[in-house]
Structures are given as C-alpha cells and as structure tokens.
Amino acid sequence: MAKQSPSMSKKPAVHRAVEDALDMSSIKQVDESPESHTVAAKEQVRDQIDDAVARFLAQGGKVQQIEPHVTAAPPKKPLSRYGDRPI
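The sequence shown begins at 189 in our numbering and counts up by one.
Any given hint could turn out to be false.
Stated by the list, open to error - Computed beta-carbon distance windows for the label pairs: (1) I275 with K250: 53 to 61 Å; (2) A246 with T226: 27 to 35 Å; (3) T226 with V258: 46 to 54 Å.
Bear in mind the hints are in silico, worked out from the structure with no lab data behind them. These numbers come from a predicted model, not from an experiment. Beta carbons are placed, not taken as given, at the ideal position from N, Cα and C, and that holds for glycine.
Hey, can you work out the whole structure from these sequences and the hints?
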C-alpha cells in the first residue's frame, strides 16, 4: 500500500472523498481561458460536483450543518490601544 503524503493525511475524509470522486484533471485551480467562463463549462463542473456529492452520500457520508457564527480560527487576543499615543 502506498504511503500517503503528510498533507493528504491531514485533510478530512469528506474532502478526500469528494476530490477522489471528481475528475480533478478537468478542474484547474486558476483557469483564465475564455472557454472556462462559458455557461456550459460551469454547468459541467456543477454536474461533476453534484455527482461526487451523490456518490459520497450513497457511501454513507453525511453532511453537517454548521452554525453561521462558528469558525475554526482561534479567538483573537483583544487589542489594547492604551498608551499608544505620544504625550
């Protein structure tokens, strides 16, 4: 069995499952060609994502609803501006 790269093992199973189901060769990160902006091209990508999600759900995957105020970022330290102005 091939060893997974460290970045691959840190991804949640949901992301790996969706990426595996999608044909990533046809989806580029930054595609500025005029053909990629057509309605048909966008519809094709939507169909691929719909199929990948359907396969994920068929294999027992679940979709979780996250509250709008929940974030993965740690809370920020409060900013104190006391004494930052010159006398």
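Hints, one by one, checked against the model:
1. Between I275 and K250 the Cβ separation comes to about 60 Å, which falls inside the hinted range of 53 to 61 Å.
2. Judged by the Cβ atoms, the range 27 to 35 Å given for A246 and T226 holds: they are separated by roughly 30 Å.
3. T226 and V258 have their C-beta atoms about 36 Å apart, which leaves the hinted 46 to 54 Å range violated.
This entry does not satisfy hint 3, going by the numbered hints stated previously; all others are met.
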